[in-house]
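**Q** Take these sequences, add in the hints, and give me the full structure.
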Amino acid sequence: MSLWCDKYQPKTFNELHYQLEQAALLQAVVADGDFPHFLIYGPSGSGKKTRIKCLLHDLYGDGAQSLRIENHVYETPSRRKGEITTIGSNYHVQVNPSDAGIYDRIVIQELIKTIAQTKEININEQRSFKVIVIIEVDKLARDAQRALRRTMEKYISSCRIILCCNSTSRVIPAIRSRCLAIRIAAPTIDEINGVLQKVTNFEGIQLPIDLANPNISFSKRANGKLNFAFLRLPLTTDQQILEPDWEVYLRDTARMVGEEQTPQRILQARERLYELVAHCIPAEIIFKVP
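For the sequence shown, the UniProt record's numbering begins at 1 and goes up steadily by one.
Do not take every clue at face value.
Dumping the calculated DSS-like pairs for lysine-lysine here, alpha-carbon to alpha-carbon at most 30 Å [said to hold, decoys possible]: (1) K81 with K113; (2) K198 with K154; (3) K49 with K7; (4) K225 with K49; (5) K225 with K288; (6) K139 with K81.
Computed spacing ranges between beta-carbons, pair by pair [stated by the list, open to error]: (7) K49 with F202: 20 to 30 Å; (8) E70 with K198: 31 to 41 Å; (9) R68 with T262: 50 to 60 Å; (10) K288 with Q268: 14 to 24 Å; (11) Q264 with E153: 33 to 43 Å; (12) T118 with I266: 47 to 57 Å; (13) Q197 with V248: 28 to 38 Å; (14) D143 with Q206: 52 to 62 Å; (15) D252 with F35: 48 to 58 Å; (16) L25 with N71: 34 to 44 Å; (17) K49 with P282: 10 to 20 Å; (18) K81 with E203: 40 to 50 Å.
Because the hints were derived from the structure by calculation, they are not lab data. Here a beta-carbon is modelled for each residue, glycine too, at the ideal position from N, C-alpha and C.
**A** Okay, structure coming up:
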């Protein structure tokens, strides 16, 4: 038994329900045969990884869906050993180098070098290259991004890079200029409701017909994130949407600052913000304007 967001996740471009123009562009690039590096960006929950999976399926067929988890060992300049987890198939590898912290540059150089030098045993495949999917490329340090740029050029004959991020503002121009950039916008309320309607029809449950009303709290809280809606099915118009504890905590912090502007209150607010950061809430999320 699987979650509906996984069960009904599109596996091919023909199964997508929104952003069809971008899907057609990606299909045309695959059909053309001259496959470039990609930079796929857009807000969280917009469907970037889903479109990457569809792209890999168009490239390699069902073999790209046979995934396995692997641990890759890398060596730091101080001779210490580190380990990073990747997900991939015989044809591609997906990795988040920022998980390695300050050693993201080493992970990029060693991992891409290893994958690029590994030959696929199936000689009947039409593609002569493997694909490396790098998640959250915008969180890489500048040194790591410059190393990525050099590696992209060095191994262009044996591998292609698909970069995924929320925003391109933190990606260095040298990388952006070497990739075909595709923006995936967040689905609208109507698009979210259309997908939910199809899923509920398959599952034999009733979706409230007035769910598209933007005044309903659920439509506001979804905020363009399809997974948010999937994980709360089946829905009712009066359904209570529970907020994460950290959002409630952050809203209370903002209320505290608004009620009293004193040095003591500022110190209290700073301690609360440190508490959020200590619990792995990213600073860009904390200070994001709603």
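**Q** The structure should be examined with respect to each hint, and the outcome stated for every one.
**A** Hints and how they fare:
1. Taking the CA atoms of K81 and K113, the gap is about 18 Å. The hint holds against a cut of 30 Å.
2. Between the alpha carbons of K198 and K154 the distance comes to roughly 46 Å, so the proposed pair goes past 30 Å and is violated.
3. This hinted pair checks out: K49 and K7 have alpha carbons roughly 15 Å apart, not beyond 30 Å.
4. Taken as a hint, the K225 and K49 pair is honoured in the structure, with Cα atoms around 13 Å apart against an allowance of 30 Å.
5. The straight-line distance between the Cα atoms of K225 and K288 is roughly 16 Å, inside the 30 Å bound, and the hint therefore holds.
6. This hinted pair checks out: K139 and K81 have alpha carbons roughly 22 Å apart, not beyond 30 Å.
7. Between K49 and F202 the CB atoms are about 22 Å apart, so this pair conforms to the stated range of 20 to 30 Å.
8. For E70 and K198, the hinted distance range of 31 to 41 Å is satisfied, since their beta carbons lie about 35 Å from each other.
9. Look at R68 against T262: about 56 Å separates their beta carbons, and that is inside 50 to 60 Å.
10. The hint said 14 to 24 Å for the Cβ distance between K288 and Q268, and at roughly 21 Å that hint holds.
11. For Q264 and E153, the Cβ-Cβ distance of about 55 Å falls outside the hinted range of 33 to 43 Å, so the restraint is violated.
12. A beta carbon spacing of about 54 Å between T118 and I266 agrees with the range 47 to 57 Å that was offered as a hint.
13. Take Q197 and V248: their Cβ atoms lie about 31 Å apart, and the range 28 to 38 Å holds.
14. Range check, D143 to Q206: Cβ separation about 54 Å, and the 52 to 62 Å hint holds.
15. The hinted range of 48 to 58 Å is satisfied by D252 and F35, whose Cβ atoms lie roughly 50 Å apart.
16. The hinted window of 34 to 44 Å between L25 and N71 holds, with their beta carbons roughly 35 Å apart.
17. Hint check: K49 to P282, Cβ distance near 18 Å, so the stated range 10 to 20 Å holds.
18. Restraint check, K81 to E203: a C-beta distance of roughly 47 Å satisfies the suggested window 40 to 50 Å.
In summary, the structure is inconsistent with hints 2, 11 from the numbered list given earlier, while agreeing with the others.
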